[in-house]
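Undergrad: The residues making up each chain are set out below.
There are 2 protein chains.
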Amino acid sequence: MRKLFIVFWAICIVNISTSGQSSHPNLVITGEDAANIKVHLGSVPLFDKSLQLAKDFVESAMNSRIDVPYPKDPGGGYTHERHKQNYNEMYNAGILYSVTGDERYAVFIKSMLDEYAELYPQLGRHPQGKKQTPGRMFWQSLNETVWLLHTIQAYDCIYDWLSESDRNNYEQNIFIPMSEFFINECTHEFDLIHNHGTWIVAAVGMAGYVIGNDDYVEMALHGSKKDGKSGFIAQLDNLFSPDGYYTEGGYYVRYALWPFFIFAEVIHNNQPELEIYNYRDQILKKALYSALQVTYTDGTFIPINDALKEKTWLSPELIFATNFVYAHYGQDRQLLSIVKLHDQVSLTGPGMMAARDLSDDKPVPEFNWKSVEYTDGPEGNMGGVGILRYGTPEDQETLLMKYGSHGLSHGHFDKLTFCFYDQAREIIQDYGAARFLNVEQKFGGRYLEENNTYAKQTVAHNTVVVDQKSQFSGIRSESEKYHAYRYCFNSDKPDFQYVSAKEDKAYPGVNQHRTMILVNDDKLYRPVVIDVYRINSGISHEYDLPFYYMGHFIYSNFRYDAYTKQRSLMGDDNGYQHLWKEAMGKPDSTSQLTWWNGKRFYSLTINTSRTDEIYFTRIGGSDPEFNLRNEPGFIVRKRDKNTVFVSVLEPHGIFDPTLEFTKDSYSTFKDIIVLSSDEKYTAVNIKGNNNINWIITIANADADPGSQHELSAADKILKWTGPVAVHK
Amino acid sequence: MRKLFIVFWAICIVNISTSGQSSHPNLVITGEDAANIKVHLGSVPLFDKSLQLAKDFVESAMNSRIDVPYPKDPGGGYTHERHKQNYNEMYNAGILYSVTGDERYAVFIKSMLDEYAELYPQLGRHPQGKKQTPGRMFWQSLNETVWLLHTIQAYDCIYDWLSESDRNNYEQNIFIPMSEFFINECTHEFDLIHNHGTWIVAAVGMAGYVIGNDDYVEMALHGSKKDGKSGFIAQLDNLFSPDGYYTEGGYYVRYALWPFFIFAEVIHNNQPELEIYNYRDQILKKALYSALQVTYTDGTFIPINDALKEKTWLSPELIFATNFVYAHYGQDRQLLSIVKLHDQVSLTGPGMMAARDLSDDKPVPEFNWKSVEYTDGPEGNMGGVGILRYGTPEDQETLLMKYGSHGLSHGHFDKLTFCFYDQAREIIQDYGAARFLNVEQKFGGRYLEENNTYAKQTVAHNTVVVDQKSQFSGIRSESEKYHAYRYCFNSDKPDFQYVSAKEDKAYPGVNQHRTMILVNDDKLYRPVVIDVYRINSGISHEYDLPFYYMGHFIYSNFRYDAYTKQRSLMGDDNGYQHLWKEAMGKPDSTSQLTWWNGKRFYSLTINTSRTDEIYFTRIGGSDPEFNLRNEPGFIVRKRDKNTVFVSVLEPHGIFDPTLEFTKDSYSTFKDIIVLSSDEKYTAVNIKGNNNINWIITIANADADPGSQHELSAADKILKWTGPVAVHK
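If you read the sequences in order, they're chains A and B. For the record, in the first sequence the residue sitting at position 434 is 527 according to our numbering, with numbers rising by one throughout. For the record, in the second sequence the residue sitting at position 444 is 537 according to our numbering, with numbers rising by one throughout.
Just so you know, these hints were derived from the structure itself, not from any lab. Here a beta-carbon is modelled for each residue, glycine too, at the ideal position from N, C-alpha and C. Hints may contain errors.
As the list claims (entries may be wrong) - Restraint ranges, calculated between C-beta atoms of paired labels, are given here:
id	chain 1	residue 1	chain 2	residue 2	range
1	A	Asp665	B	Ser682	53 to 63 Å
2	A	Asp253	B	Gly392	53 to 63 Å
3	B	Ala128	A	Asp588	43 to 53 Å
With the rest of the complex left out, here is chain A (with noise of 0.2 Å):
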């Protein structure tokens, strides 16, 4: 077998002198820090680990030639990894000068940033640029400045070892020239409010602080106009909510976390007067244990908004994050755990404290996940998102709602949609983005074409379509001036747990109110997911009810057309075109559909009546290039001018295949009923066996948990306290 290729994370800038503040290096770490790293060093395996990992990875780049190739290819391509490649070996070889002293690091960083600096003037743009945001090394300028960041630290960790004329060389022809351009020609990306804004930010402040210069810093901390409208401090205070919800989802707070504790320990390492870590009630803090409790029980990000199903918190970003949060907000030994999984340490001195905590004999308690709502925009006053959850770790139910803001350019049309887990599977999934990072067959690892006319469409998610057409028309600019409203959240029961949300911009006329309950019965084998999902509008409509289940489809109660020698597509546009239409289902009345996932069934029982259409689909049409993972769903079609969806989702019965033992294979429920709702009140009838009986009522004007409610309905008075209520 070929040796493969030796890649890993492992970072810091060890300033090994050991008294007081030395100009170089001045970055991540301290004086202090590095000289603690130093006299632990042999005694804590986790990061003594990490450093043999960065001296293997360098020892075998040394051992290699060095290629700073001609820029070429787009993202995934060759000339692409292997400048990712180059910043990584020159970033770990500076550390490595750092704490060993060994010249050999020192002049391999020399020999690569000599190419560099002959390279680097030659560049234009990029020949596979990206449209809007091209950059020279790269196709993007995003891996630009991620080129940036790595590189300035390794040349500050050589800076005293230098010669004046070839520190004056790399600085005049590739630090102050890529900054410049950052600043100059990315001034758009420099003063976005978006995660790569603060790439870009990060990697110009820190040059700024290398090579002295006082301009950069105040850029990159104030914006480029230096106005405070934006730069890190703006997107401190504007990417994330109260609670530390970060705009954009939990993917890619991932990766945005990363350049902000970077940048953050850097300036907490030389201006602590600015008190970077207490900034805006410590919003540092709350974004990463947001961003740990956007995850379902693997450690998998919920994938809402654009997002690789395949991202989990192992991703070595949080690496840093993990540490930092770890040392400077009071070590939480929850966070331990996931230092554990890691199995690896950043090489600082919150990487050394953390290693060593998880030395001692102290227990290690498991991540709390648990039921937590977070509010979205910067006042928290832009809906939010749900998540409810019931269960240990090892087989949690967890359903999360979504009724936030946009979520900037990696936002989907998808207000009120919702996604379901059990087993640590998938159960209603969301299908996330349409991309294969990184592969370069698959139009250079982009996103791709079907992440716009599928994925983002309305259609792609478990929410109302109207007339078939996507959310503010598919319009991005418009989604961007409206959030949906947060209705009510409560968990303070674990057998009765709900969430609630309005939406009334999406479809001009068409106010939505979407409200889903996780209860927990004594005649039900796990908790069941109760949605009530109300719409009304001045004129009728076509109301689509998508459900992306993930499983093998077992058996429907009503009878249907399947297409068994033909098939066609559900629509033209708006992710309709992406559906092959599978069968067609006319329900008499109340509707089940079950299916199988591993070890469970499940059922989704839904009221519908003959006028109403239940479609199966499967993903896959109009995809010449075969992009998209052919996956099923149901698509529940209604019309009317009010109407309400109420579906149960119910996890039931038992497979199991090496026993060879099958048990309750069909669904618990029978019947759903919608008594009545109007403006006030909805009430709903839910029926089924083992003497299940249920109403459900819900204000839908008066969110007060003190309110209290008396309804009508079925021959009975219902008296409750707060907005949602299940009458047993």
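Given the coordinates of chain A, assemble chain B onto it according to the supplied hints.
TA: Coordinates of chain B only, in the frame set by chain A:
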């Protein structure tokens, strides 16, 4: 949450008398074993845990109402599952009575037997009875024999405790009429050389030992006519090859080994003079080891023939076999690694021995999966299966090629098919069976119609289909007359292993010869599979070679027309009606297809020309009940008299979403040219990057490993020894 039905498996009959052989119980273990168990109770954790499981299970049963319902439901339905539950409850109660002497257990069994003695005489054919093999209590007689096998042991345990009138009642109303039913009304099954035959003779034979009917025992051993043409001994002679390979394949041997070992242990204890464990050169030992070898490294049985992919060697049926082989054949500690995974032992002497040895301090080696060939047929001359492996169990390439006999009623028309694993995943899959075991909604949990119309058909496999027809025209009785021929197998060198076989009866006038070679090289990430599939016929045919790849399609090097708006079927019958035609490609020269699965890419490079076609297919057409898994495939179509399909299946590159790192997503291979192919030799040139320029030579008519060959090809004189060579 509702309390789950507790189900598990534990087994034995414990003889609590401490001196010599008492007449009851007298089935699975001896008095010495029982005494030995009692001595060690409380000191052997795994045994104690296994016993506790039985106690909890029976305690829960004794706290519930006994229900012996009138039979009504098919597999998976309530009455079916209830009667299964009942025999498990009686059976475990029997063990516990024997061990503890606690009369509550005996009373419980008696109460249930009283009800069965009432019910059984009333029963005619089961209302949902399976066409040819109906039972009375169950829809198929098979389940009924399993009921008897368990219940007779429970009865045996409390035999001495019961009054004579009780015994009379049960024997006259249950055991004798049931045994007679099996012998007289299920004679066909009783005399069948098939796993169903083993169950029935084991059950009747055990009844014979308990109630003292030597006739039953004699018939169990030698067939209903006592002529030795059927019965247990004939089954041992005919169902296994001399290597122990079971003709139905891995999935069914798991099930078959259960009654084989139970009954063997009973015979061993009752008629030691038969030396059943030494019979046929220790065929029972070989049977277990070959079953274990026909798994992938996660313990999953490679799903040839009718097989459910969920089945692993964790199946409780293998607990007995593993324990008994461990005890009777010299305590091979490899087997303890499997006992450890079972996390349960049989409540028998051998179970105690395995549990005790697992508690000692000696190392427990991992099971040693190896490259191995098994012959098929009682004489070992009916072809076989060849398994090539490379790498450690953590990440092993495994290829299985199948060239044996039909495999009885569960056989598929799939001679010369193969499947391939890597990364503990299926890469080229065998579909297995179309069945949802015990899921009532899916045809009562039975084999589905699509099992015949798709899963068994040739086009459902990775082997050539001639003129869109299945092998032997899909007629089992024809297929059973013939078998494929092993040509050669060699796994002496890990870096160069091969298996080769021929077939000349599946399609009249068509001779097929497939050779699959696992080749490793320093220029590759991992070994590749080179597949040389030669077909000759006097007249021109259409040859289709499917590859059911698992993963997401990434790239092809040829243009294709994708059917993006309308989809239709690949054909009308022979399984083609179940394949959607997704795209058709017209290659220019060598074709290449790349897909992604897990952390790697896989490419298939295959010799094609402009007259060939490549179809992209998806399973799921003509499937109104959505019974099939909608998985993709490629079909390479050639039309000719004589042709050779040559392909390279190559795992390559790295897809690492955690480190956001992708490497070598393109195949190493470029070109495949058949240099020559005739009756004597086939020579193929394979070219690729890194200066790969290999010539493969195969001697087509001389498999002697010592034969020396010489061939002029590509301007070279090639010399080699043995049937297959790679010239690099």
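Undergrad: Which hint numbers doesn't this structure obey?
TA: 1
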